[in-house]
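Peer 1: Sequence:
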Amino acid sequence: MLSTILADIADRPFILVGMSALLLMLPLALTSTQGWIRRLGRNWKRLHWLVYPAAVLGLVHFFWIIRANRWTEPLIYAGLVAVFLAWRVWRRRPQRAG
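With my numbering, the residue at position 66 of the sequence shown is 117, and numbering never jumps.
Derived by calculation from the structure, the hints in this document are not laboratory data.
Here are the simulated distance ranges between beta carbons:
1. R90 x L67: 27 to 37 angstroms
2. Y103 x R147: 22 to 32 angstroms
3. E124 x L81: 26 to 36 angstroms
Backbone N, C-alpha and C fix where the C-beta goes; we use that ideal spot for every residue, glycine too.
Modelling step: build the complete structure from the supplied sequences, incorporating the hints.
Peer 2: Printed below as a string of structure tokens:
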């Protein structure tokens, strides 16, 4: 049974990428309550940076499962993720003194 699963993953790498994204999002879902935010303190924000690699892996997964010429939807999502990531990078840039 394990050999069948491994052979399936080797034939369809998008499964591994999708599962990786899901596993990255699991701790985010589990720690998104007020109680966990309070318990984790500053580490909550560090943990929730996992959303960025999870989003990229999710996009890679989405592009790999597309058949034929149906690229419009994943391109829209990729554009939105790119805009949000660029905005976050821009907001974190060091400020110059006046």
